[in-house]
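Residue numbers for the sequence shown follow my numbering, beginning at 1 and rising by one.
These are computed hints drawn from the structure, not numbers from a lab.
The model shown is predicted, which means the values in this text are computed figures rather than measured ones.
Don't take every hint at face value.
[Claimed, not checked] In the DSS-like style, the derived pairs of lysine-lysine whose C-alpha atoms are separated by at most 30 Å in a straight line are: (1) K137 to K78; (2) K2 to K78; (3) K47 to K105; (4) K2 to K52; (5) K74 to K47; (6) K105 to K80; (7) K105 to K73; (8) K137 to K174; (9) K47 to K80; (10) K105 to K56; (11) K2 to K47; (12) K80 to K53.
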Amino acid sequence: MKWSVFLHRIHNEFLNGEAFNDFRHSIVTEQDLTTFSALRIREIMAKSYGLKKNSKTLIENVTFRSGQTAEDKKAYSKAKQDRWVFIHDVFAAPDIMIQDPLSPKNFLPIEIKLLKGKGSCQAMATAIGQSLIYNTKYPYTLVFLGVMRSAKWGKYKFRCEANEDEIHFYNTLKTMNVDIITRMAPAATQN
1 MKWSVFLHRI HNEFLNGEAF NDFRHSIVTE QDLTTFSALR IREIMAKSYG LKKNSKTLIE
61 NVTFRSGQTA EDKKAYSKAK QDRWVFIHDV FAAPDIMIQD PLSPKNFLPI EIKLLKGKGS
121 CQAMATAIGQ SLIYNTKYPY TLVFLGVMRS AKWGKYKFRC EANEDEIHFY NTLKTMNVDI
181 ITRMAPAATQ N
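Sequences and hints are given; from them, build the entire structure.
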């Protein structure tokens with residue numbers, strides 16, 4: 001499969017695909033959402049490239065910060081030179097890094113944030129800032145904002161639908177090759 005076709009498929013799955021509808025376990029923390037997303041991306045990559053589930057190729061081509069297995073931790077560590085982006089001599093690293101199994105020069109960094117309360121504005125700003133940093137090294141970055149249905153504080157509630165100003169903002173980010181996807185994420189503590 002061509003890399004551009006695979007990227008389009010990943011984008012669509014995050015946006016409204018079935019792979020991210022079927023939450024078989026509760027999403028409580030950002031690490032849960034990152035792990036869930038990375039494992040789903042591996043499933044999509046396996047189907048797209050004809051790879052065996054949990055193969056070494058999958059583990060090495062979809063690395064993520066919160067990997068639990070020894071193989072995940074080894075692959076994440078091995079990929080640090082590809083993952084790290086330095087700015088002012090400090091590094092930023094995406095939550096998930098996808099490498100093209102057919103062309104190791106192609107990468108997709110994905111920044112994951114779970115919005116669930118008062119810190120949501122800061123989390124969004126951090127995700128956007130980090131994605132712009134990644135674009136100093138990579139041609140395209142995806143930001144996935146998982147929103148808890150309980151993301152409410154005071155009289156405010158986070159809404160997933162973008163208004164005209166937000167659409168303009170997201171379109172501006174797209175010109176910088178940053179794509180932001182917002183989607184509801186189920187949780188054990190939903191109201």
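Hints, verified against the model:
1. K137 to K78: With a Cα-Cα distance of about 18 Å, the restraint between K137 and K78 holds, given a limit of 30 Å.
2. K2 to K78: The given pair, whose Cα atoms are some 25 Å apart, holds under the 30 Å limit.
3. K47 to K105: OK: K47 and K105 at ~21 Å, within 30 Å.
4. K2 to K52: holds (19 Å)
5. K74 to K47: holds (24 Å)
6. K105 to K80: This hinted pair holds, its Cα atoms lying about 14 Å apart.
7. K105 to K73: Given that 30 Å is the threshold and the Cα spacing comes to 21 Å, the pair holds.
8. K137 to K174: holds (16 Å)
9. K47 to K80: Cα-Cα ~26 Å, so holds.
10. K105 to K56: holds (18 Å)
11. K2 to K47: holds (13 Å)
12. K80 to K53: holds (23 Å)
Checked against the numbered hints given earlier, this structure breaks none of them.
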